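Participant: Start from the sequences and build out the full structure, keeping to the hints where you can.
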Amino acid sequence: MTALLEVRALCAGYAGSQVLDGVDLDLERGSGLGLLGRNGAGKSTLVLTLMGLVPATSGTVRLDGAPLPRRPHLVARAGVAVVPQGRRLWPPLTVAEHLRLAHRGTGTWTPATVLDLLPQLAARRHQPAAHLSGGEQQMLAIARALLTNPRLVLLDEPSDGLAPAVVDTIAEVVLRLRAEGVPVLLVEQDLRLAFTVCDEIAVMERGTIVHRAATAAFRADPATAHRLLGVA
Amino acid sequence: MDGQPAGDAEERSAATDAERRSMAREAEPRPRGQETAQRPVGPEAEGRPVGREAQPRSVARTARHGPLLPAGLAAAVVAGLAAAPLFLAPFATTTLTRILVFALLAVSLDLLVGVSGLPSLGHAAYFGAGAYAAGWISIHTTSAVPLPLLAGAATGALAAAATGWVAVRAHGVYFLMLTLALGELLHQLAQTWDSVTGGANGMAAIPSAELGGEPLRLAGYVYWYVLAAALLGFLTLWLVARSPYGAALRGIRDNEPRMRALGYPTRIYKYAAFVLAGAVAGAAGGLLAAQERLVTPADLGFTTAALALLAVVIGGAGSLWGAALGAALVILVRDVIGPDLDGHGTLLLGVVFIAVVYLLPRGAAGLVRRRGR
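Chain order of the listed sequences is L and F.
Using my numbering, the first residue of the first sequence is number 1, and each one after it goes up by one.
Using my numbering, the first residue of the second sequence is number 233, and each one after it goes up by one.
Don't read these hints as lab results, they were simulated from the structure.
If you're wondering where the values come from, they're calculated on a predicted model, not measured in any experiment.
Here a beta-carbon is modelled for each residue, glycine too, at the ideal position from N, C-alpha and C.
Please note: incorrect hints may appear among the correct ones.
As the list claims (entries may be wrong) - Covered by chain L, according to a simulated footprint, are these stretches of chain F (three or more residues, beta-carbon under 8 Å):
id, stretch
1, 475 to 482
2, 495 to 507
To be verified - Restraint-style ranges between C-beta atoms, simulated for each label pair:
id, chain 1, residue 1, chain 2, residue 2, range
3, F, Gly304, L, Ala179, 49 to 55 Å
4, F, Ala587, L, Ala122, 41 to 47 Å
5, L, Arg227, F, Pro497, 54 to 60 Å
6, L, Gly40, F, Ala394, 55 to 61 Å
7, L, Pro164, F, Val405, 50 to 56 Å
8, F, Phe585, L, Ala15, 36 to 42 Å
9, F, Ala306, L, Arg100, 23 to 29 Å
10, F, Gly404, L, Arg192, 38 to 44 Å
11, F, Ala393, L, Arg71, 18 to 24 Å
12, L, Leu74, F, Ile569, 51 to 57 Å
13, L, Pro55, F, Ala437, 54 to 60 Å
14, L, Thr110, F, Ala321, 55 to 61 Å
15, F, Leu564, L, Leu74, 48 to 54 Å
Facilitator: Rendered as structure tokens:
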């Protein structure tokens, strides 16, 4: 079976500086890939480039064999959802309005099923996003991605600054997605979360993927982890 | 960065991962008393209660009043406006008519500024285009209601459709400058196209609007015509603003890249809003032609556009009805108080504007609105 997502020699950057330097990446249905790397390695830029929010300068991206469009709204319609770093909600809009705006397509996820999974949000339905706690905001950002009924989900540092209980909920959501066959690309600095929910770990360095291993093998090889990430 | 986790419209932040993480760490697990520190700062957060204590109270208030109070208030305002000519002197009725016309322009501008986050300094162009079209139809074809009004709306929409695609590709201050330039372009056109617009002298001797073959000559009749049409325009804009499409426009205003990443073709959405606002502004221009029976290049010039923007800001961008209040204030100061100040009315408007920006960052509407919209 071919991979759902195939990235080949992807390059991208901002004015004057190349950030992605030939990324190759495959993602099978239902798999979970934890993407690690030092600050500035290009992890977030990879997510933004896949989404079309940073234009690719060269390389190809295929989703289920078809080239992924370049413009963000077409990427989203092709079935890619992203939970962005820093959540990026619409502060004045209520939780219910966020859910309504995000919902598209037919599939498992409707506002009702999402609220079942994330009951914290149900109680806050009529509050503007600006009044939510950090954890609730992250739940809403995840709900927004689920409601597009995606075929692939990109999470950019979802555990950033959150309490352990919230991180557990994130883990639950990722495992649920994978069980339904939706692959997840998880950019993380929290190794514990990445090890819990991903079956593979990849490490980025200077705009390219330098190491990829099954999670168990990666954990069994602390020397490599230390060399690549500066952690044990 | 995480201090305003949801408020940042810029997707590609310059902050390093390290900075972000250190700030993020402070943001989440934090005792109750310090919570205000993690609220978003910036324009969205100002002027409404931030502490968690303030929240249940405002929610309770909304729940207690339900939709009945605003509906009742709206009905009372409409009834009051409808009855006004029966009590007012003709001059006051004419001023009120002018307010309604200008209010429709301001509310259509608020769809751009407040709802969609598109601050236009050229919106008077579509108002003026509509006014000229309505005047031209009235002179050369018929002044039977509602044909001049429809011609105004159609011309406003066409002019906005022809110029809007350039404008909506730009953001923020560039959008402002582009709309300013487009407005000046149409202003020049109105001034130089003598054979159609009458040039700098304006288009004069526009016949009265006719209803069932009878010309509307009395100020009161003109007023009722303008009132009916303006209410229809307000209703249209209000329904659009609270529809799912309106919610999408607010999403674009607050974070456009995020809307695109959810699959919304945001430029088309903004363009549609621009054309709709142009159509309503054109209809307001049609009402202007019926009321003043004279259209001059000043009606689509910078001053008119700036006053409309002033009305939106004074009233509180985004609420629509706030813009109508702001328009009333602007016309009252310009036409009623201004003449007693030896023409220094705009000076007074400037003072009011500064006071509003400092004291009521969300405009007059912010006094009533507790939930952020």
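Participant: So the hint says 41 to 47 Å: do the beta-carbon atoms of alanine 587/F and alanine 122/L match that?
Facilitator: Once the Cβ atoms are compared, 43 Å apart, the range 41 to 47 Å for alanine 122/L and alanine 587/F holds.
Participant: Does the beta carbon distance between leucine 564/F and leucine 74/L stay inside 48 to 54 Å, or does it fall outside?
Facilitator: For leucine 564/F and leucine 74/L the Cβ distance comes to about 49 Å; the hint holds.
Participant: Do at least three Cβ atoms from the stretch 495 to 507 of chain F come closer than 8 Å to Cβ atoms of chain L?
Facilitator: Answer holds; 4 residues pass the 8 Å Cβ test.
Participant: Quick check on a hinted range of 55 to 61 Å for glycine 40/L and alanine 394/F, using CB atoms only.
Facilitator: Between glycine 40/L and alanine 394/F, where Cβ atoms are some 46 Å apart, the hint is violated.
Participant: Could you check the hint for me, namely that phenylalanine 585/F and alanine 15/L are 36 to 42 Å apart, CB to CB?
Facilitator: Given a distance of about 38 Å, which is inside 36 to 42 Å, the answer is holds.
Participant: May I ask you to test the hint 38 to 44 Å on the CB atoms belonging to glycine 404/F and arginine 192/L?
Facilitator: holds (41 Å)
Participant: The hint says 23 to 29 Å between alanine 306/F and arginine 100/L; measuring C-beta to C-beta, is that right?
Facilitator: holds (25 Å)
Participant: CB of threonine 110/L to CB of alanine 321/F, is that within 55 to 61 Å?
Facilitator: holds (59 Å)
Participant: Regarding leucine 74/L and isoleucine 569/F, is the given constraint of 51 to 57 Å on their beta-carbon distance met?
Facilitator: For isoleucine 569/F against leucine 74/L, whose Cβ atoms are near 54 Å apart, the range 51 to 57 Å holds.
Participant: Taking 54 to 60 Å as the hint, is the beta-carbon distance of arginine 227/L and proline 497/F inside that range?
Facilitator: violated (45 Å)
Participant: Given the hint of 18 to 24 Å, check if alanine 393/F and arginine 71/L actually sit that far apart at their C-beta atoms.
Facilitator: holds (22 Å)
Participant: Okay, the stretch 475 to 482 of chain F and chain L, do three or more residues pass the C-beta test at under 8 Å?
Facilitator: It holds: at least three residues are needed, and the stretch 475 to 482 of chain F offers 4 whose Cβ sits within less than 8 Å of chain L.
This entry does not satisfy hints 5, 6 and 7, going by the numbered hints stated previously.
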